[in-house]
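So the protein sequences, as listed, match chains A, B, C and D.
Following our numbering, the numbering of the first sequence begins with 1 at its first residue and continues without gaps.
Following our numbering, the numbering of the second sequence begins with 1 at its first residue and continues without gaps.
Following our numbering, the numbering of the third sequence begins with 1 at its first residue and continues without gaps.
Following our numbering, the numbering of the fourth sequence begins with 1 at its first residue and continues without gaps.
There could be a bad hint or two in this list.
Short derived list, chain B residues pointing at chain A, Cβ under 8 angstroms [what the hints assert, rightly or not]:
1) P70
2) F77
3) L145
4) G147
5) I155
6) Q159
Covered stretches of chain C (chain D as the covering partner; in silico rule of three or more C-beta atoms under 8 angstroms from a C-beta of chain D) [claimed, not checked]:
7) 76-86
8) 141-151
9) 158-172
10) 252-263
11) 284-290
One-sided and incomplete, this derived list gives chain D residues near chain C with beta-carbon spacing under 8 angstroms [said to hold, decoys possible]:
12) E123
13) V140
14) G147
15) A151
16) A152
17) I155
18) H157
19) A249
20) E254
21) H280
22) E289
Hint data in this document are derived by calculation from the structure and do not stem from the laboratory.
Glycine included, C-beta positions come from ideal geometry on N, C-alpha and C.
Number of protein chains: 4
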Amino acid sequence: MDAIGVDIGGTKIAAGVVDDAGVVRAQRRYDTDPTDPVAIESAVIRAVNELRAEHQVAAVGVAAAGYVSPQRDGMVFAPNIAWRDYPLRERLAPGIDLPIVIENDANAAGWAEFRFGRGRHAESMVMLTVGTGLGGAIIVDGRLLRGAFGAAGEIGHMQMVPSGRYCGCGHEGCWEMYGSGRALTRAARAAAVAYPDRARAIIELAGGPGQKIKGPHVTQAAQAGDPLAIELLAELGAWLGAGISDLAAIVDPEMAVIGGGVAEAGALLLEPARESFNRHLTARGFRGELTIHLAELGNEAGIVGAADLART
Amino acid sequence: MDAIGVDIGGTKIAAGVVDDAGVVRAQRRYDTDPTDPVAIESAVIRAVNELRAEHQVAAVGVAAAGYVSPQRDGMVFAPNIAWRDYPLRERLAPGIDLPIVIENDANAAGWAEFRFGRGRHAESMVMLTVGTGLGGAIIVDGRLLRGAFGAAGEIGHMQMVPSGRYCGCGHEGCWEMYGSGRALTRAARAAAVAYPDRARAIIELAGGPGQKIKGPHVTQAAQAGDPLAIELLAELGAWLGAGISDLAAIVDPEMAVIGGGVAEAGALLLEPARESFNRHLTARGFRGELTIHLAELGNEAGIVGAADLART
Amino acid sequence: MDAIGVDIGGTKIAAGVVDDAGVVRAQRRYDTDPTDPVAIESAVIRAVNELRAEHQVAAVGVAAAGYVSPQRDGMVFAPNIAWRDYPLRERLAPGIDLPIVIENDANAAGWAEFRFGRGRHAESMVMLTVGTGLGGAIIVDGRLLRGAFGAAGEIGHMQMVPSGRYCGCGHEGCWEMYGSGRALTRAARAAAVAYPDRARAIIELAGGPGQKIKGPHVTQAAQAGDPLAIELLAELGAWLGAGISDLAAIVDPEMAVIGGGVAEAGALLLEPARESFNRHLTARGFRGELTIHLAELGNEAGIVGAADLART
Amino acid sequence: MDAIGVDIGGTKIAAGVVDDAGVVRAQRRYDTDPTDPVAIESAVIRAVNELRAEHQVAAVGVAAAGYVSPQRDGMVFAPNIAWRDYPLRERLAPGIDLPIVIENDANAAGWAEFRFGRGRHAESMVMLTVGTGLGGAIIVDGRLLRGAFGAAGEIGHMQMVPSGRYCGCGHEGCWEMYGSGRALTRAARAAAVAYPDRARAIIELAGGPGQKIKGPHVTQAAQAGDPLAIELLAELGAWLGAGISDLAAIVDPEMAVIGGGVAEAGALLLEPARESFNRHLTARGFRGELTIHLAELGNEAGIVGAADLART
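Please put together the full structure from these sequences, using the hints given.
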């Protein structure tokens with residue numbers, strides 16, 4: 001039966017009616033203010049009720065960035081919204097006369113990819129959502145791994161480099177600081193300082209060095225053939241591949257799928273990730289091994305996954 | 001119903017009848033030659049049949065070090081025995097008239113600990129078997145995680161340090177090279193070169209520096225209060241705690257249990273592991289978190305777990 | 001004979017008449033604007049001429065942060081002032097009727113320490129100026145090592161950690177990012193995120209977390225006995241000791257002297273540096289080794305060293 | 001005037017008469033037993049006296065691996081010969097009626113290269129002797145830097161990777177473990193385990209994996225175009241370049257010269273070293289910078305340098 005998925009982002013919410021095949025049949029999007037939790041809730045309630053008015057739905061799944069409670073009824077901690085031990089379901093319930101579950105947004109996107117995207121024929125999968133940060137979802141034996149405390153799949157905070165780059169979480173060397181859009185942007189800005197001549201194409205695209213440089217400038221330059229930009233994407237891909245080999249050692253999934261905005265770089269990211277994975281995996285040739293792919297679903301993955309998780 | 005568990009080690013095999021409560025009711029042990037697979041199979045068959053003659057059993061579980069086939073019927077690769085894509089079940093079946101399953105030894109030990117030891121009240125758990133190497137087992141939602149290719153839980157080959165210590169697997173910086181008996185021994189030998197004065201107690205216990213120093217000398221010295229030995233165990237524990245925080249980010253289990261020979265150091269290993277975990281875990285205080293414990297079962301864990309996995 | 005030393009800082013210049021014994025006999029200080037090179041030069045000229053009016057002097061030494069030309073007549077690059085291949089001597093000469101030499105500020109401070117401070121009885125020495133950044137000076141065979149391109153002693157940009165913390169220079173893992181006031185501040189801010197409970201004393205002293213925390217809060221908390229602050233200083237000291245062991249392997253000086261604002265932490269910094277050095281130095285016990293000390297001179301070291309280098 | 005240089009290796013000694021232009025005019029070589037210091041001394045005395053009988057010489061320089069006393073009269077510690085605080089000059093003097101100085105072998109080779117080889121027009125230079133290990137020599141202002149304790153230029157024990165590969169010195173992550181023939185050999189052996197297919201050419205040349213693989217097999221395979229071998233040499237070169245950038249930050253020499261047996265790989269080593277140096281050097285473009293070259297002198301560099309240092 002159809003369900004509604006809601007994806008609460010930093011500056012807007014998106015809601016959609018999703019059918020059993022993962023198709024989004026109707027959508028609503030509203031801008032929101034991350035500093036105003038009440039306004040966010042109002043927007044969610046409004047969008048859900050608008051969609052319900054036109055579609056028969058069984059449940060609502062709400063996805064957001066952060067740590068979800070093990071009972072899937074609230075947010076323990078969110079990085080972008082002032083939610084701390086926040087009973088989100090309880091807050092939404094009076095306005096929504098349907099079962100509601102709360103999900104981590106990367107888990108929702110990964111679940112969508114598993115059910116309806118690249119992983120639809122797989123039994124197990126890890127999803128890497130390479131956006132500003134690095135989110136993850138782990139599916140084993142056909143089920144989303146949520147963890148004992150709702151925190152499974154927080155792969156971006158696996159440590160890759162002792163005494164490595166500072167992460168916003170207060171620790172050092174987190175995978176996210178090497179394998180994310182933020183890492184790409186920072187690497188490009190550093191290159192503009194360390195070797196401005198090699199970084200000329202990126203600097204020109206960005207209209208200057210420093211804060212003007214954003215991740216998409218690197219991707220754009222790389223797609224135009226700029227050697228430094230290609231190299232920066234390859235480094236990012238190499239860090240992804242290295243971490244995927246760790247996931248293979250621990251979880252041993254059937255496949256790894258790379259999605260998120262940075263994945264739009266396509267083969268420029270994917271091939272270095274594959275090569276790096278091949279170099280890092282222990283006992284290669286003596287064990288079966290996962291394959292690495294680009295995600296098939298796009299922006300709507302969060303909506304689709306949240307809806308699908310709500311009805312299962 | 002009772003089942004037989006067999007633990008194939010480097011130089012001997014042990015088999016036992018295990019009841020539903022995880023109690024070993026009878027045992028057989030035979031020395032074996034790791035270079036002679038046929039002799040190993042004969043010893044397994046003999047031990048099983050001797051035990052069967054006196055006990056009613058439903059199945060046989062056989063545990064060994066290495067990569068097990070996803071079908072649990074053979075060894076894809078073993079580090080100590082010349083098994084490569086080896087149909088171990090097919091080889092044993094003519095001599096054993098019972099259902100047989102093959103398991104990884106660390107998985108078997110971890111499963112025993114989960115079912116009958118420290119994890120018996122838990123829903124999920126990671127087990128670290130800190131022996132010569134570093135083995136692992138991961139249990140989620142009450143089930144052993146085997147992985148798509150039978151290689152889940154090979155935590156010892158997660159990379160901790162890029163360009164780090166060489167591992168026997170041909171890669172660098174594997175967790176095993178920092179969190180195992182081998183790492184402890186090597187650290188003690190290095191200390192004997194780098195600062196022989198601080199290493200005096202260990203050198204004396206060992207009867208000399210170099211190859212004479214073994215892991216148990218460090219544990220013994222530490223238990224007698226030697227500052228360097230205590231520090232070496234604390235470093236090992238710190239690496240364990242750091243890696244456990246990675247597992248918490250990925251799998252988010254309810255608890256981590258440390259077993260294996262090195263775990264006999266007890267609190268000298270456990271407390272530094274806990275402290276290091278606390279320092280490494282991202283979002284501490286904003287998320288629930290696992291607890292770290294010493295294993296309760298000893299040497300027989302492999303037998304118990306193999307037997308129990310055979311009947312489930 | 002007396003000479004004048006000038007220390008050009010980020011927001012002020014200080015000039016002083018220095019006698020043969022390293023005593024500052026008269027001083028002038030003027031605020032300056034780092035974005036206005038002309039105003040800086042005017043202030044230098046004014047201060048020098050005021051001092052000259054009252055003292056007989058032989059030469060003027062001018063110290064500033066950045067890369068000095070090998071001919072000691074200009075700044076090739078300055079981090080804080082818009083000097084690029086800047087002929088500073090030529091700019092000052094019309095207003096100052098005396099020989100002028102340009103020096104790197106850390107070199108000047110190190111030279112003062114060598115001639116009149118902790119190193120006055122030594123033949124060779126490395127100086128670590130641990131301020132916001134990490135500057136260095138190397139003296140061998142009684143002479144300041146300037147390098148073939150005027151860039152010797154830029155120890156803060158020796159790489160300590162591959163893929164380590166981003167440095168403002170565009171590279172990663174520079175020693176300065178681990179052994180400087182900036183590193184201390186950043187570590188304290190990270191600790192306030194990662195473990196706010198342990199960081200409570202520092203947060204209270206600073207009046208809040210984040211940007212409110214400055215290096216001196218850590219030193220102050222440490223001197224009051226706060227365990228985390230003591231630990232953060234000890235980590236900084238440990239990184240200093242590790243790098244000093246590298247300098248011992250390369251340059252093998254008689255002593256290392258730690259100065260700069262962070263050195264005011266005294267033994268809380270010095271003892272961990274010594275201990276770390278002892279642990280890192282290769283062939284300890286089989287070779288003579290440097291000793292590590294705190295600097296004896298304070299803020300005036302730059303003036304004193306610049307003046308002394310001008311007359312030699 | 002002519003002088004005699006002696007190079008004491010692990011299994012033989014070589015002595016030669018060297019003229020003012022660095023030309024070896026006569027030579028003697030004798031096999032020796034590293035476990036028999038008395039026999040080594042006899043061989044040295046014999047070779048020197050044979051050469052003296054036919055040539056007029058002013059002094060004798062004796063070079064060996066290890067830490068030389070600051071007075072240049074003995075060996076404080078040698079890695080290969082049982083010398084500890086050994087008065088080598090005093091032991092040789094009764095048999096040799098000439099002034100004798102003791103030198104570190106890498107210093108001798110570097111000095112020869114500076115005086116008569118690639119550095120003959122330079123004022124300052126660092127020499128990297130990439131043999132089994134990684135030795136160094138530093139020349140500043142035309143003089144060999146010996147250090148306060150005779151240990152300058154021990155660059156192989158600068159730490160490149162915290163918690164990195166174990167070094168024979170008892171520490172971890174020493175540059176020697178990444179930039180030496182031993183590192184190359186070990187990397188090739190590891191590759192043969194980690195990816196035997198890619199390592200096929202090297203394995204075939206060596207006649208098998210494991211201990212059969214030696215450094216020259218890699219060089220030979222690389223020169224024949226084998227991709228893995230080229231990559232392994234490039235990695236070695238990259239580590240050399242990274243460390244040279246550290247030396248540039250500290251000592252800032254005019255040039256770096258790479259010699260020793262591994263340097264026979266030529267451009268396959270040199271070009272990656274240059275590229276890596278360019279990527280690692282801070283403030284590139286804002287400061288003058290060293291150039292990197294291959295050594296011009298071969299095996300006789302130790303003899304030539306020891307002789308030349310004896311007469312200066």
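Holds or violated: is the Cβ of E254(D) closer than 8 angstroms to a Cβ in chain C?
Holds: closest Cβ of chain C sits about 4 angstroms from E254(D), inside 8 angstroms.
I155(B) as chain A interface residue, shortest Cβ-Cβ below 8 angstroms
Check passed: Cβ of I155(B) comes within 6 angstroms of chain A, closer than 8 angstroms.
Checking hints one by one. Is H157(D) an interface residue toward chain C, by the C-beta closer than 8 angstroms rule?
Since the shortest Cβ distance to chain C is 4 angstroms, the answer is holds.
Under 8 angstroms between beta-carbons, do enough residues of the region 158-172 of chain C, three at least, approach chain D for the coverage claim to hold?
holds (count 9)
Identify whether the interface hint at E123(D) stands, where standing means a beta carbon of chain C within less than 8 angstroms of its own.
7 angstroms, holds
Identify whether the interface hint at F77(B) stands, where standing means a beta carbon of chain A within less than 8 angstroms of its own.
Holds, about 4 angstroms.
Identify whether the interface hint at G147(B) stands, where standing means a beta carbon of chain A within less than 8 angstroms of its own.
Since chain A brings a Cβ to about 3 angstroms from G147(B), closer than 8 angstroms, the hint holds.
With 8 angstroms as the cut and Cβ atoms as the points, is A152(D) at the interface with chain C?
4 angstroms, holds
Within 8 angstroms of chain D's CB atoms, at least three CB atoms from the region 141-151 of chain C: coverage verdict:
holds (count 9)
Chain A contact restraint on P70(B) - CB to CB distance below 8 angstroms
7 angstroms, holds
Holds or violated: is the Cβ of A249(D) closer than 8 angstroms to a Cβ in chain C?
This interface hint holds because 5 angstroms falls under the 8 angstroms limit.
Verify the coverage statement for the region 76-86 of chain C against chain D, using a C-beta to C-beta distance below 8 angstroms and requiring 3 or more qualifying residues.
Since three or more residues must qualify, the claim that chain D covers the region 76-86 of chain C holds, with 3 doing so at under 8 angstroms.
Checked against the numbered hints given earlier, the structure satisfies every one of them.
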